[in-house]
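Please work from the sequences and hints to get the whole structure.
Chains as they are written, first to last, in this note's numbering: chain A, 1181 to 1296; chain B, 1468 to 1581.
Since the hints were derived computationally from the structure, they do not count as laboratory data.
None of the values given here were measured: they were computed from a predicted structure.
The reader is advised that the hints may include incorrect statements.
[Unchecked claim] Restraint ranges, calculated between C-beta atoms of paired labels, are given here:
id: 1; chain 1: B; residue 1: Gln1470; chain 2: A; residue 2: Glu1195; range: 26 to 36 Å
id: 2; chain 1: A; residue 1: Lys1196; chain 2: B; residue 2: Ala1469; range: 26 to 36 Å
id: 3; chain 1: B; residue 1: Thr1482; chain 2: A; residue 2: Gln1263; range: 41 to 51 Å
id: 4; chain 1: B; residue 1: Lys1485; chain 2: A; residue 2: Thr1185; range: 35 to 45 Å
[Stated by the list, open to error] Among the chain B residues that face chain A by a calculated CB cut under 8 Å, a handful are:
id: 5; residue: Tyr1498
id: 6; residue: Leu1508
id: 7; residue: Gly1509
id: 8; residue: Gln1512
id: 9; residue: Gly1525
id: 10; residue: Pro1528
id: 11; residue: Tyr1531
id: 12; residue: Phe1557
id: 13; residue: Gln1570
id: 14; residue: Phe1572
id: 15; residue: Gly1575
id: 16; residue: Thr1579
[To be verified] Once the Cα atoms are required to be at most 25 Å apart in a straight line, the calculated SDA-like pairs of lysine to any residue come out as:
id: 17; chain 1: A; residue 1: Lys1183; chain 2: B; residue 2: Leu1508
id: 18; chain 1: A; residue 1: Lys1218; chain 2: B; residue 2: Glu1537
id: 19; chain 1: A; residue 1: Lys1218; chain 2: B; residue 2: Pro1475
id: 20; chain 1: A; residue 1: Lys1218; chain 2: B; residue 2: Ser1547
id: 21; chain 1: A; residue 1: Lys1218; chain 2: B; residue 2: Val1519
id: 22; chain 1: B; residue 1: Lys1524; chain 2: A; residue 2: Gln1182
id: 23; chain 1: A; residue 1: Lys1183; chain 2: B; residue 2: Tyr1531
id: 24; chain 1: A; residue 1: Lys1218; chain 2: B; residue 2: Thr1472
id: 25; chain 1: B; residue 1: Lys1538; chain 2: A; residue 2: Val1226
id: 26; chain 1: A; residue 1: Lys1218; chain 2: B; residue 2: Glu1569
id: 27; chain 1: A; residue 1: Lys1218; chain 2: B; residue 2: Arg1511
id: 28; chain 1: A; residue 1: Lys1183; chain 2: B; residue 2: Met1494
id: 29; chain 1: A; residue 1: Lys1183; chain 2: B; residue 2: Asn1493
id: 30; chain 1: A; residue 1: Lys1218; chain 2: B; residue 2: Arg1476
id: 31; chain 1: A; residue 1: Lys1218; chain 2: B; residue 2: Thr1480
id: 32; chain 1: A; residue 1: Lys1183; chain 2: B; residue 2: Tyr1477
id: 33; chain 1: B; residue 1: Lys1524; chain 2: B; residue 2: Val1580
id: 34; chain 1: A; residue 1: Lys1218; chain 2: B; residue 2: Thr1579
id: 35; chain 1: A; residue 1: Lys1183; chain 2: B; residue 2: Glu1520
id: 36; chain 1: A; residue 1: Lys1218; chain 2: B; residue 2: Ser1563
id: 37; chain 1: A; residue 1: Lys1218; chain 2: B; residue 2: Asp1505
id: 38; chain 1: A; residue 1: Lys1218; chain 2: B; residue 2: Ser1534
id: 39; chain 1: A; residue 1: Lys1218; chain 2: B; residue 2: Ser1549
id: 40; chain 1: A; residue 1: Lys1183; chain 2: B; residue 2: Ser1491
Built from N, CA and C at the ideal position, the CB exists for glycine as well.
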Amino acid sequence: AQKVTQAQTEISVVEKEDVTLDCVYETRDTTYYLFWYKQPPSGELVFLIRRNSFDEQNEISGRYSWNFQKSTSSFNFTITASQVVDSAVYFCALSGGNFGNEKLTFGTGTRLTIIP
Amino acid sequence: EAQVTQNPRYLITVTGKKLTVTCSQNMNHEYMSWYRQDPGLGLRQIYYSMNVEVTDKGDVPEGYKVSRKEKRNFPLILESPSPNQTSLYFCASSFSATSPYEQYFGPGTRLTVT
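Next up, the structure:
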């Protein structure tokens, strides 16, 4: 069975601080995909990144960066110089091993609050 | 504009009154899916569809039905809603059923069953 754990339920930081959201996953598949989604207060789900299990290179996109470590089954997300607009719930998700059903197994989310 | 639409966005209903939440995508995607989001539980899959006339259960299918008569539409049917189905529902679609491409999510439907 697949599982995604986001141990941090809520995080608050002051604007311009860096913040890291943790994601630990469990799967027996050798091929799998990891995702991060952002859910702002308006409620929609915004896709941030997809990473496959064969690509362990870290990725940076502006103020966002992701650290994928297969050895520790983690896919952490860092926001540098946080801004108020980053306030949202962030979900880590896992897919793979369900041929024909690209079900996303979601973590329970981390609510990030950026204090001005 | 490529998008997934859901209707209604908000719905308050009473126990036992059948309802349908519609989902439509304009990207010619093969794969569509329904999730429900509950506090502390994240999102869980209800049903999915690999293509027209092909549907199957996800993790929490009890109390729900779906159909896929056309590629673009994937309605979620609650024959006899109960209060434990009060939740935020998301429809999602993806290009292919055989590879986990990015899933596009609809805006969500907030359902309250009293």
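Cross-check of the supplied hints:
1. Look at Gln1470 of chain B against Glu1195 of chain A: about 32 Å separates their beta carbons, and that is inside 26 to 36 Å.
2. Taken as a hint, the range 26 to 36 Å holds for the pair Lys1196 of chain A and Ala1469 of chain B, whose Cβ atoms sit roughly 34 Å apart.
3. Distance hint check for Thr1482 of chain B and Gln1263 of chain A: the Cβ-Cβ separation is about 44 Å, which falls inside the suggested range of 41 to 51 Å.
4. Against the hinted window of 35 to 45 Å, the Cβ-Cβ separation of Lys1485 of chain B and Thr1185 of chain A comes to about 37 Å, which satisfies the hint.
5. Hint on Tyr1498 of chain B holds. Least Cβ distance to chain A is approximately 6 Å, under the 8 Å limit.
6. With its C-beta approaching chain A no nearer than about 6 Å, Leu1508 of chain B sits inside the 8 Å limit, and its interface hint holds.
7. Taking 8 Å as the C-beta cut-off, the interface hint given for Gly1509 of chain B holds, the closest approach to chain A being about 4 Å.
8. Among the interface hints, the one on Gln1512 of chain B holds; its C-beta lies about 5 Å from the nearest C-beta in chain A, closer than the 8 Å criterion.
9. Taking 8 Å as the C-beta cut-off, the interface hint given for Gly1525 of chain B holds, the closest approach to chain A being about 6 Å.
10. Given the 8 Å rule on beta carbons, the hint for Pro1528 of chain B is violated: about 12 Å separates it from the nearest Cβ of chain A.
11. The beta carbon of Tyr1531 of chain B is not positioned within 8 Å of any beta carbon in chain A (closest approach about 15 Å), and the interface hint is therefore violated.
12. Annotation: interface hint on Phe1557 of chain B holds; nearest CB of chain A at approximately 6 Å, less than 8 Å.
13. Taken as an interface hint, Gln1570 of chain B checks out: its beta carbon lies about 6 Å from the nearest beta carbon of chain A, inside 8 Å.
14. Hint status for Phe1572 of chain B relative to chain A: holds, with the closest Cβ pair at about 4 Å, below 8 Å.
15. A distance limit of 8 Å between C-beta atoms decides the matter here; for Gly1575 of chain B the minimum to chain A is near 5 Å, and the interface restraint holds.
16. Checking Thr1579 of chain B against chain A by beta carbon gives a least distance of about 14 Å; that is not within 8 Å, so the hint is violated.
17. The straight-line distance between the Cα atoms of Lys1183 of chain A and Leu1508 of chain B is roughly 12 Å, inside the 25 Å bound, and the hint therefore holds.
18. Simply put, Lys1218 of chain A and Glu1537 of chain B have alpha-carbon atoms about 30 Å apart, too far for the 25 Å limit, and the pair is violated.
19. For the given pair, Lys1218 of chain A sits about 22 Å from Pro1475 of chain B by alpha-carbon distance, which is consistent with the 25 Å threshold.
20. Note on Lys1218 of chain A and Ser1547 of chain B: the hinted pairing is violated, with a Cα-Cα distance of about 32 Å set against a maximum of 25 Å.
21. Of the supplied pair hints, the one linking Lys1218 of chain A and Val1519 of chain B is violated, its CA atoms being roughly 30 Å apart against a limit of 25 Å.
22. For the hint linking Lys1524 of chain B to Gln1182 of chain A, the alpha-carbon distance of about 17 Å falls within 25 Å, and the restraint holds.
23. For the hint pairing Lys1183 of chain A with Tyr1531 of chain B, the CA-to-CA distance comes to about 24 Å; that is within 25 Å, so the pair holds.
24. At roughly 18 Å between alpha-carbon atoms, Lys1218 of chain A and Thr1472 of chain B fall within 25 Å of each other, so this suggested pair holds.
25. For the hint pairing Lys1538 of chain B with Val1226 of chain A, the CA-to-CA distance comes to about 23 Å; that is within 25 Å, so the pair holds.
26. Restraint check for Lys1218 of chain A and Glu1569 of chain B: satisfied, since their Cα atoms lie roughly 14 Å apart, inside the 25 Å limit.
27. Simply put, Lys1218 of chain A and Arg1511 of chain B have alpha-carbon atoms about 16 Å apart, close enough for the 25 Å limit, and the pair holds.
28. The straight-line distance between the Cα atoms of Lys1183 of chain A and Met1494 of chain B is roughly 30 Å, outside the 25 Å bound, and the hint therefore fails.
29. In summary, the hint linking Lys1183 of chain A to Asn1493 of chain B is not supported, as the alpha carbons are separated by about 31 Å, beyond the 25 Å threshold.
30. Our distance criterion of 25 Å between C-alpha atoms is met by Lys1218 of chain A and Arg1476 of chain B, whose separation comes to about 19 Å.
31. Our distance criterion of 25 Å between C-alpha atoms is broken by Lys1218 of chain A and Thr1480 of chain B, whose separation comes to about 29 Å.
32. Between the alpha carbons of Lys1183 of chain A and Tyr1477 of chain B the distance comes to roughly 30 Å, so the proposed pair goes past 25 Å and is violated.
33. Between Lys1524 of chain B and Val1580 of chain B the alpha-carbon distance is near 22 Å, which keeps this suggested pair within the 25 Å criterion.
34. The suggested pairing of Lys1218 of chain A with Thr1579 of chain B holds, with an alpha-carbon distance near 24 Å, which does not exceed 25 Å.
35. A hinted pair counts as satisfied when its Cα atoms are at most 25 Å apart, and Lys1183 of chain A with Glu1520 of chain B does not qualify at roughly 30 Å.
36. Restraint check for Lys1218 of chain A and Ser1563 of chain B: the C-alpha separation of about 23 Å stays at or below 25 Å, so the hint holds.
37. For the given pair, Lys1218 of chain A sits about 16 Å from Asp1505 of chain B by alpha-carbon distance, which is consistent with the 25 Å threshold.
38. In summary, the hint linking Lys1218 of chain A to Ser1534 of chain B is not supported, as the alpha carbons are separated by about 29 Å, beyond the 25 Å threshold.
39. Between Lys1218 of chain A and Ser1549 of chain B the alpha-carbon distance is near 29 Å, which puts this suggested pair outside the 25 Å criterion.
40. Restraint check: the Cα-Cα separation between Lys1183 of chain A and Ser1491 of chain B comes to about 29 Å, which exceeds 25 Å; the hinted pair is violated.
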